[in-house]
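J.: Protein chains in written order, with our numbering: chain V, 7 to 289; chain W, 635 to 1064; chain C, 7 to 304.
The reader is advised that the hints may include incorrect statements.
[As the list claims (entries may be wrong)] Chain W regions said to be covered by chain C (calculated; three or more residues, Cβ under 8 Å):
id, region
1, 715-721
2, 886-897
3, 931-942
4, 1017-1027
[What the hints assert, rightly or not] Some chain C residues judged to face chain W by a derived CB distance under 8 Å, without partners named:
id, residue
5, Ser158
6, Gln264
7, Ala268
Worth flagging that the hints you see were computed from the coordinates, not collected in a lab. Glycine residues also receive a C-beta, built at the ideal position from the N, C-alpha and C atoms.
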Amino acid sequence: MRPVSAMSFVRRPWRLLAEASALLIAVVVAFPLYWMVLSAFKPAGEIESSEPRPWTLAPSLDSFRRVFEQNEFGRYFLNSLVVACTVVIVSALIAFLAATAVTRFRFRFRTTLLIMFLVAQMVPVEALTIPLFFLMRDFGQLNTLGSLILPHIAFSLPFAIWMLRGFVKAVPEALEEAAYMDGASRSRFLWQILFPLVFPGLVATSVFSFISAWNDFLFAKSFIISDTSQSTLPMALLVFYKPDEPDWGGVMAASTVMTIPVLIFFVLVQRRLVSGLGGAVKD
Amino acid sequence: MKLAPRLAVLLTALAVTACAPQTSTNSSSDKDEKTGTLRVWLFQEVGNKPKEKVVDSVVTAFEKAHDGTEVDVEYIPIETRAQRVKAAFNDPDSAPDVMEYGNTDTAGYVKDGGLLDVTKEFGDWSEAKDTDPTAKQSVTVDGKIYGAPFYVGVRALYYRTDVFEELGLEVPKTMTELATTARKIRAAKPELYGLVVGGAYTYGAMPFVWANGGEIAAGKGGSYASAIDSAAAQKGIKAYTSLFTDDNCPAAKCAGMGGNDTVTAFAAGKAGMAIGGDFSHTAVEAGKVKGKYAVVPLPGVAAGSIAPAFAGGNNIGVLKSTSHRTLAVELMEQLASKKTQASMFGAMGFLPTFSDVRQQVAAQEPYVKPFAETLAAGTKFVPASPAWSEIDSSLVLPTMFQEVISGKKDVAGASEDAAKKMDEAFGSAG
Amino acid sequence: MNSSPRPMGRWSTPWLYLAPALVVLAGLLVYPVYQLGLISFFQYTQAQVSGGEPTTFQGFGNYAELFGDEQFWQVLLATVVFAAACVVSTLAVGCALAVLLTRVRAVPRLALMLAAMGAWATPAITGSTVWLFLFDPDFGPVNRVLGLGDHSWTYGRFSAFFLVLLEVVWCSFPFVMVTVYAGIRAVPAEVLEAAALDGASQWRIWRSVLAPMLRPILVVVTIQSVIWDFKVFTQIYVMTNGGGIAGQNLVLNVYAYQKAFASSQYSLGSAIGVVMLLILLAVTLVYLRLLRRQGEEL
């Protein structure tokens, strides 16, 4: 199938206009990010100037230095990475199994379950902090990374299952039957045939789990009480987010540091993400 | 939905295991170990290094004096302290033995069952007799003492000497003069706020209420009734909110400001006057206005009087859940001792809570004088009720000021609503 | 050779596959939600949590208090209107840009795609701060460019909500755009060419060819947007400093958080959480019913 973009019926002036506006919109959309990085590199005097300029002639690393000088900054960064990656991998595997169950089988309560998965996404996470606190305390997970990983797995699962359905469905039934004809076992089909085919979808959904786990500061704030070596990046950066007295340079540098890993992750998975999210329509 | 029966079974099962929401058993620990690790939480200040140095020397001396003890000090960011402290009350295993806390939180923390009653030890402590009465009041709830005062903070009027000289202005002697002077500055120099004020700056606003004879609440001991809607208080509220006009501090910019915002604006040279604390001294010194400002006590209603200031500050307390009671109390005394407070003043500029130590440092550092005068003229404190934490954190007073400033309600309406909310809180906290 | 055609047909197999997900969700989602509901029926403040006072059963007392509070209704109304505005704007911008993406060559497409990815990847707390900085009355570039002097965007109720809406749309349109774009690409070009040759206008092609084919995708992005925008928290919390001047920019989620954590009234906060959950549930069930009537299957 030919991509629509190659359609010949779009007349030239219109296409040029469309391309010009696409570029313009891209600039507008990217501008906040540009301004963030720019402000992070601006020397102190230029940030809080009443004549902001969209460039700087004297880039400075002072703001970044303030960010990195915090105690155990590397440790926090690593902790965040551990949390986000664990959440992504575990929730992807669990969601894959569950999505297979709800799409490739007919069984009682199937629709009910699907609705439950949808409903589960509506739970206001912020309100659950207190019950989760006691749960984590009883599990003995307070002050450990586990207290951050477990809830995030739970919160990213429903959406992941919901999104993955389309991909699992898209794998033709004929393929499954052919596999069994060839004597493949159930688990062989699941992991060696279905899994690779659904992988782009897994990547697409993992983006969401990654972001939610990476950005978390509510749970970190509430569950990591006495052991600072288990703290995460947003906690280290929160120091700069003082509503009363914003250190804009520090805030922007901290924001840059926090955004970059997600950005890298996005660029890495970009292609799969586009094909992945489209999976739902290919019936 | 066919799910119903199954769900019902599940819910019954859960109901058997937990039929009421969970709570902690935060009873005081009976243990009083004489060795082991003591955990201490102190606030992380802007520019924390000097504070750490002073604390380190106290800790080293303490560890030397007590064989087999170790002190683990952690500096917690002020922004997250509420969650951390609540969590510590809920999970005694994570709780520190000794912690620093804001003096407005005392009553709330006591009600939450977190702080240890140290009345006896405080009475036995030789240095305690020199503690000034206001500071002592801030660790006292219902006649019992829950900690040792660490430092006090009061606010006074910062003004720009260069601006005053250029415009030929006199330092205001009354609250009315304060407002007219502020408008004169703004009229002559429209790029400056006259007196920079903040809608969310409760402790900058309260002196106006107090100076006019108003009170936040009236009462003693356990029962309080709001008094913020009294005629006198309303006069004060009016005096403060009338400063949020285009000819002094435009509402669009000032209504959302908090205390630090106003100090930041003054330090950056954007205001003729500001209400700042002794603890703001370092920040202002580091700003553009260094050498171009002076501080006087905030004037009251009558000429020559001083408006009552809020006596803020922090205390050091011992947590009820500590298993090292004797050691923890002793460490608290060391951290809040005259010697530590004197060096803490040198390091951070925190005003000592001992009258004699404060006189000594005032003699060395002239900038302390207006703050010491303000303290001497009499200060006010927030109601010593557990409800105060709630009133404070649900922003009752800032909301009231902001409602008036933004014209959503008039002074009478906003103050009555605030009074109603406060009375509800007082009532429920008993 | 095993001749049985479908060894996956046993009834227990799907439950086996579902088991890990169900265990995790039951323990970490259903149980806390159950606790949430329970708390909303009790008197439960910090004093009860830390064991200073016994918990007491309130029945519907907390709900009565909530529904009797004029502010609650105000916040509820603001939440619904604000979420609706966010959903509509996000969907409109996302779909329009998805169509635009199909009309341009590789370079502008890549540029727009990367910019959108950047916006998407930005953590909510970061994005909120950056937008706040862009519109800062003193140091922000927007007021300079628009010549607004030191106009404060967060002072007025509507302008503050508008600012938050811009940020929400900025960070959530990429999901809609990418998904819809991927969906359009999966539509055979021949179908569109045929429609174009018949002389159908762009709007007509979208309405009568693309939209029906994209319906499953549109359903997903709409439901997701409703869920996300109704629960918006970080943006309001950061950009209006916890709810705006005198609480004018509160939405339910922030209101619940303020009640629960700032004022330690966990039971009231929980009650608000339960109300939110019920509202979202109702919206979704109505939506699903409509879908089913149109013959869509889950």
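J.: All hints are to be evaluated individually against the structure, with a verdict given for each.
T.: Against the structure, the hints come out as follows:
no.: 1; hint: 715-721; verdict: holds (count 3)
no.: 2; hint: 886-897; verdict: holds (count 4)
no.: 3; hint: 931-942; verdict: violated (count 0)
no.: 4; hint: 1017-1027; verdict: holds (count 4)
no.: 5; hint: Ser158; verdict: holds (4 Å)
no.: 6; hint: Gln264; verdict: holds (7 Å)
no.: 7; hint: Ala268; verdict: holds (4 Å)
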